[in-house]
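Construct the entire structure; sequences and hints are all you get.
Number of protein chains: 2
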Amino acid sequence: MLKSIEDSPLYRIANPRSFAFFGASNNFMSMGSIMLSSLLGGGFEGPIYPVHPKEELVQGLKAYRSVKDLPVAPDLAVLVLPTDIVNRTLEECGRKGIRRAIVVSGGFKEVGDRGVDLEKEMVRVAQEYDIRLIGPNCLGVTNPHHKMNPTPFPYEGSPGFIGLVSQSGSFVTQMFDYLKHLGLGFSTAFSVGNQANIDLVDCLAYLGACPHTKVIALYVEGLKRGRAFVETARSIIPEKPIVALYVGGSESGRRAGFSHTGAMAGPDRLYDGIFRQSGVIRAASLIEMFDYCWVLGTQPLAKGGRVVIQTHSGGPGATAADACGRAGLEMPPLAPETAAKLSPYVPSTGSLNNPLDLTFNKNPMDFFGPIPKILLEDPNADMLLVYFLMPLMKMQAMMENFKMTPEKAKEVGVQMIDGGSQAFTDLLQTYRKPIVGYTWRNLDEEMPLALMSKGIPVFTGPERAAGALGALLRYPALRDKIVRSVQAEGAGAADAGSD
Amino acid sequence: MLKSIEDSPLYRIANPRSFAFFGASNNFMSMGSIMLSSLLGGGFEGPIYPVHPKEELVQGLKAYRSVKDLPVAPDLAVLVLPTDIVNRTLEECGRKGIRRAIVVSGGFKEVGDRGVDLEKEMVRVAQEYDIRLIGPNCLGVTNPHHKMNPTPFPYEGSPGFIGLVSQSGSFVTQMFDYLKHLGLGFSTAFSVGNQANIDLVDCLAYLGACPHTKVIALYVEGLKRGRAFVETARSIIPEKPIVALYVGGSESGRRAGFSHTGAMAGPDRLYDGIFRQSGVIRAASLIEMFDYCWVLGTQPLAKGGRVVIQTHSGGPGATAADACGRAGLEMPPLAPETAAKLSPYVPSTGSLNNPLDLTFNKNPMDFFGPIPKILLEDPNADMLLVYFLMPLMKMQAMMENFKMTPEKAKEVGVQMIDGGSQAFTDLLQTYRKPIVGYTWRNLDEEMPLALMSKGIPVFTGPERAAGALGALLRYPALRDKIVRSVQAEGAGAADAGSD
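Chains as they are written, first to last, in my numbering: chain A, 1 to 499; chain B, 1 to 499.
Keep in mind the hints are simulated off the structure, nothing from the lab.
Some hints here could point you the wrong way.
Since the list gives no way to pick out one identical chain from another, each pair is judged satisfied if it fits inside one copy or across any two copies.
Said to hold, decoys possible - List of simulated lysine-lysine pairs, DSS-like, C-alpha gap at most 30 Å:
1. K408 / K341
2. K147 / K410
3. K454 / K147
4. K180 / K410
5. K214 / K303
6. K180 / K454
7. K96 / K408
8. K341 / K373
9. K54 / K147
10. K54 / K3
11. K454 / K303
Have a look at this one:
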């Protein structure tokens, strides 16, 4: 593992102090223009030098006719140029002393034939001038902690804890909106494109050392350096979890991936083996990958697989129990002392089993404080899964019917939502056991928004919640196995050394 | 199969002309009050007679001290009463001449012991007075086509085409919001509770004959009458598809279901066999069940399993290809004439394969008209799966940058969204091949909302889309098998008759 991200060739790609920008103009329909406007809109604080053969000003910035004319050698060049002039421009960057680049342009290895030769030439130029570059055929890098986002989509969420390496640019940019919706964001995300000079493994190593990154997500169409991948991942796993989505394992996924980035895929079994050896958790979809990241970055790890389900409705309880069972989790009966403590809170229509089905409770706030507290104190409970029907919003409507003014009802409702979500966060801090929720309601409603903003994930449906809880169990198991095997190797080496 | 829903004991339960309502008051915290207020809020057009021992008026309606005092015998009684007075009240209803009831109250078989006896007594009373009732321990029935919703949650969407029978009341009421979000709604939904007198099979038969119901969804914790279920389902399948979620197959799901409604579950293998014999498609989650309903109610059936994927981004294309492969669908190469017709629309960075990866296209409207038209004309294409990145909203931002006023940009944007979504609907009508979309963006954005409102489902992630497309292939296969076996039985019977 890297000692520091500053030792990574990616450091000044993800944290540049200044940019040379090629391919942006005042034509707002061009990709280069959109990307520069995104970088400007994101509030990047250092100097940006657009290079343009004709314009004096590009999007309000002084433009330069040629890279030769730049007053300094910026840390990073971004190239969004027609394929044919990319290598020549890169060479000019090299002569100027620019040592890092993002090559967005496509038309290289992924189109075959002449593109393959052009890409070889790019690699040669990079070597000659000691340039490290990401791409070609990529959307570059987003580092919201550095206010750096030259991708074509604005990054509107907060900086986050998920590091992403992706063989798809879309899976960087399309996730901005998706993650923001869940109150999450990226620490840094890399679109690696054709990996001509810097590859997925380099990015993985960077994120392993990145202090903002709590969990790493990988979108993989095919690995180029299997052994380096395994070694790098194994060096990171003791510190932070890695989750991967691999699409090359099916015949149709393999073909699509090859035509996308020229990636050489292998069968599922091969990749399952690589991931197992690496301690990487494999996800079945992009949604699942980010579900795993969500819980791994917000929840304590699980000490065991025993889940207690808290619900006020039987069907959601039964589906959650079924989903937990299928996800390999256990549903222990409540300890006798737990049932005793709960009984004042549970109406006669309810069920003092696991799932704990309250049906309703007279004081709705009990659902958010005393009841989950008792469940978390149960020595048989390793994790808590809570069904959120959003009764608080219902309460608000009822309060209005109760002749409360809408303003007063709203005020009381907001207090209940703040109080209820805070109660769960406090329980998380006190008991250090994972707590996740599920619902089928819209996640844009006040209650799930409040919970998610306070670090309690709320999933659409119990299947996703159960899968995510499973990841909280799998990661420590994988990590401990790797730590033990590294220790054993170390001991072996020491023995060998003492001979 | 029922000739008409009017032959069903459920007809006047789902289409009552008048109500007797027990358990509602002016205390808005009580379940009965909430349910009456929901019925009133939904705009039910017939008379409602609240019965209350003390109040003169209940929620503005004239109240009656006793069922004896009612001026007429209403079609349907709704009982939301303490357990102990349910049977006595039911008996009074019977004496009055009321012949249909919804018993919401719990405390019967699901609590064991004395509850079991109380439920037996209820069945006896019902028999004595020829009452057919749904429940106890249920949330009743929602029939938005009849403006009838006595469940505790308001039904705010439009009447729809999905018929639901559920052993969970929550899965009726919680789905109001979920389905509305997708532009869908229920035709009629039944919460069957303990099934003391009317069971899931009766409801299934009703929905089979219901003219508003295009597809039937079942939430099953355990079947009471396996043979009747199979026969009823087989009589419906030639007309409309049935999708089921069964949670009793895992040990934890079985235990939770029993404690919820006293349902006797069996192992997955048994239920898989029942569903297969019945022609019912089994779903793995509630989300998946409604995904299947969504496509089965909006899309033509698939003639074959060959999917063409249209994308402007490689990663989403590759994940979709992988998902289709894993869902058992095929990804045929495009026919040579298709590739020839497409080539003017595809930039050099794009890929004329399947997935068709456009990367971008100069006229964004081509994505919505000419390009999918060419793909649907391909003789190798049975279905079309489209990645919606929502470039139109992006266009709007760009138009604003292009010095267009925000109002004008908005206007053009809305036109593009209307035009783009209408173009897909027109293609659906013309080619009669299934078209579904996927995205990872928020489904509340204009483009998915427009598409969904026009009958093009848009799924979060390609895995759900691929699964749903698979249902369009599985249903006709199941249907044809059942039709053939019924014909063979008929022929056998005729042969036997001629002996």
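message = Please sort K408 with K341 into within, between, both or neither, judging by C-alpha distance up to 30 Å.
response = Neither. Shortest intra-copy (34 Å) and inter-copy (63 Å) distances fail the 30 Å Cα cut-off.
Homomeric proximity label, K54 with K3: Cα distance no greater than 30 Å = neither (45 Å within a copy, 78 Å between copies)
task = Could you figure out if K214 and K303 sit no more than 30 Å apart (CA to CA) within one copy, between two copies, both or neither?
result = Within. Shortest intra-copy distance 19 Å satisfies the 30 Å Cα cut-off; inter-copy 48 Å does not.
ask   = For K96 vs K408, is the C-alpha pair at or below 30 Å within one copy, between two copies, both, or neither?
value = neither (66 Å within a copy, 45 Å between copies)
ask   = Can you tell me if K341 and K373 fall within 30 Å by alpha carbon in one copy, between copies, both or neither?
value = For K341 and K373, the Cα distance is within 30 Å only inside one copy (10 Å; across copies 65 Å).
query = Checking K454 and K303: alpha-carbon separation at most 30 Å within a copy, between copies, both or neither?
reply = within (22 Å within a copy, 49 Å between copies)
ask   = Which holds for K454 with K147 at a C-alpha limit of 30 Å: within a copy, between copies, both or neither?
value = Within one copy only: 24 Å inside a chain, 40 Å across chains, cut-off 30 Å.
inquiry  = Within a copy, between copies, both or neither: which one fits K180 and K410 at a CA-CA cutoff of 30 Å?
reply    = both (25 Å within a copy, 24 Å between copies)
ask   = Using 30 Å as the alpha-carbon threshold, which applies to K54 and K147: within, between, both, or neither?
value = within (29 Å within a copy, 67 Å between copies)
query = Given a CA cutoff of 30 Å, do K180 and K454 count as a within-copy pair, a between-copy pair, both, or neither?
reply = both (14 Å within a copy, 28 Å between copies)
request  = Go through the copies and call it for K147 and K410: within, between, both or neither, with a Cα cutoff of 30 Å.
outcome  = Intra 37 Å, inter 29 Å, cutoff 30 Å: inter-copy only.
Of the hints listed earlier, those the structure fails to meet are numbers 1, 7 and 10, in rising order.
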